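Given only the sequences and the hints, what does the whole structure look like? Please build it.
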Amino acid sequence: MTSRWKEEGTFLLFILPWIVGFLVFFVGPAALSMIYSFADYNSVTPPQWIGFDNYRDLFKDQIYLKSFGNTLYFVFIAVPVTVMFQILISVVLNVEIKGIRFFRTIYYLPYLVPPVATVIIWLLLFGTDGGFVNQLLEAVGIPKVDWFGSEGWSKPLIVTIGIWSSGGPVLIFLAALKGVPAQLYEAARIDGASRVRQFFTITLPMISPTILFSLVLQMIYYFQMFTESRLLNNGGPDYSSSTYMLNTYNTAFRDMKFGYAMAQSWILFVIILILTWIVMKTSNRWVYYESDKGGDA
Amino acid sequence: MTYRFKTPLQYVALLIGLFIFAGPLFWLLSTMLKTQEQTFRYPPEFLPHPFTLSAFGRLFESMPLMGRWIGNSFAIAGSVGLGTILFSSLIAFGFARTKARSRKFLFAIVLATLMIPAQVTLIPLYLLYRNIGWYDTWLPLIVPHVLGNPYFIFLFRQFFLTIPRELDEATYVDGGGYWTIYSRVILPLSSPILVSGFIFSFVFSWTDFFSPLIFIQSEKLQTLSVGLQMIMGQTSHDFPVLAAGSFLALLPIGVIYFFAQRYFIEGVVMTGIK
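Protein chains in written order, with full-length UniProt numbering: chain A, 1 to 297; chain B, 1 to 274.
These are calculated hints, taken from the structure and not from any lab test. These figures come from a predicted structure and were not determined experimentally. Watch out, some of these pointers could steer you wrong.
Said to hold, decoys possible - Stretch by stretch, here's where chain B covers chain A in the computed footprint (C-beta under 8 Å, at least three residues):
{"#": "1", "segment": "9-17"}
{"#": "2", "segment": "69-81"}
{"#": "3", "segment": "141-147"}
Unchecked claim - Listed next, the in silico DSS-like pairs over lysine-lysine satisfying Cα-Cα at most 25 Å (straight line):
{"#": "4", "chain 1": "A", "residue 1": "144", "chain 2": "A", "residue 2": "155"}
{"#": "5", "chain 1": "A", "residue 1": "66", "chain 2": "A", "residue 2": "178"}
{"#": "6", "chain 1": "A", "residue 1": "6", "chain 2": "B", "residue 2": "104"}
{"#": "7", "chain 1": "B", "residue 1": "104", "chain 2": "A", "residue 2": "281"}
{"#": "8", "chain 1": "A", "residue 1": "66", "chain 2": "A", "residue 2": "281"}
{"#": "9", "chain 1": "A", "residue 1": "60", "chain 2": "A", "residue 2": "281"}
{"#": "10", "chain 1": "A", "residue 1": "178", "chain 2": "A", "residue 2": "60"}
{"#": "11", "chain 1": "B", "residue 1": "99", "chain 2": "A", "residue 2": "6"}
{"#": "12", "chain 1": "A", "residue 1": "98", "chain 2": "A", "residue 2": "155"}
Every residue gets a Cβ at the ideal spot worked out from N, C-alpha and C, and that includes glycine.
Here you go:
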């Protein structure tokens, strides 16, 4: 009995830093955001409790709804497109030929570029005056395009940034591709299945857990996207590329409506919690397989 | 017969990919070595000739705090890296090696928080830091990350689990407790993953833009990421200067990557995340 409690005590001592961090920097703030989301609070004068007004106002807030809509565009259109691209790239990289390590190194590199630096690179490429793409267009006689200033282009441009920084997910897909048993392909080849057919009947089903996992992770990423949208054109003309997080940031730090911003945070929190729950449910097999392998008691 | 065409086709596909991924980086390097006038030439110059480093001079001239921001970023990211190794390895050891019953439940919470973004608690954290005097200091950029980032707890735990338990038992027989097992057995055998952990946490901290933007007010205390944003605001039409600043922000990461590539790959493949 005593040795069991001693064991628990030792364990809690080892993980004490996590417990402190979790309570102070996670549970506390999450609870606070819940409470303040029912208040009108500008961080200077004391909060006024206003019940569900913040949540009610959100449904009438055109800028909030537009930013939310943009975020849904990223999550449900940009993410699947990006993931398809990542699978394609990982298939291209999944060959054993001379120099392949060089290609893998270079493909991964953009993933490590700091977001602010990436945005600057996009300015150099798509800037209206002196940007590379517009110079090319002008050289062949096409009038230059105001890429960041146009409602139609600002969102797709942000998507191209995400696509360019695909290195991490590509590496995960590459590992998944290598895990597909070679016998399956041999059997299919004997049966006369073409490479394309093999891809759709063997490869895709075999890596589907990874696809799902990656889809959800990237959806979560896009739900919180902030840096690209703020730095490229600060949400774009008429909020055309404003995101959920950018809107929340503006609500808090520009308009000083902290209670209202926290209601938004809380809704985002719930959305992400649901997504997290989905990924935990579906990736259980995979996660626990990894830890069982290590002989966890 | 078909195999004759296969390899060339693979190289064509690889080269198209190379153009997509390396092209923008190449353009950054090229722009950084130009004069402002050269950036407006038609058709665009791929290899600037003559090339010049004058953009760096203009960068440090117009941004006198540039050197300081670089130093700040190194100090913050370095502290986060070291702190991560220290604390996350302790926490991960608790989860991987002790036999406490509450382990499973608490680890499920760690895994759950792995997916939940810091962004949702950001505003209350901002209010918290203002109340406890942490606002406009480096503490918010270091302390929360050091005290057990779930990603690194997971990463280290996965690695510790691969170390045979017989070593623990041998230590125990020799009279050593958990602390001895941690410091004399597990840590010395874990250097590859600790290096991965340092590099990854360094990179996450170095590239972070949101936290310094919100928690730091004084320009002198800012990090390079936010500094770059100020450069964008100040010299938006001097492309070579923008490119030079951007280059300085990615240089340390590029250097670490080329010298320690295998640790990067290890971190990604071990967890399947990021």
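To see whether the hints hold, each was checked on the structure:
1. 9-17: holds (count 7)
2. 69-81: violated (count 0)
3. 141-147: violated (count 0)
4. A/144 - A/155: holds (18 Å)
5. A/66 - A/178: violated (42 Å)
6. A/6 - B/104: holds (17 Å)
7. B/104 - A/281: Within the cut-off at roughly 16 Å; holds.
8. A/66 - A/281: Distance of about 31 Å is beyond 25 Å: violated.
9. A/60 - A/281: violated (34 Å)
10. A/178 - A/60: This hinted pair is violated, its Cα atoms lying about 50 Å apart.
11. B/99 - A/6: Holds, at roughly 10 Å.
12. A/98 - A/155: Not OK: residue 98 of chain A and residue 155 of chain A at ~38 Å, beyond 25 Å, violated.
When each numbered hint is compared with the structure, violations occur for hints 2, 3, 5, 8, 9, 10, 12.
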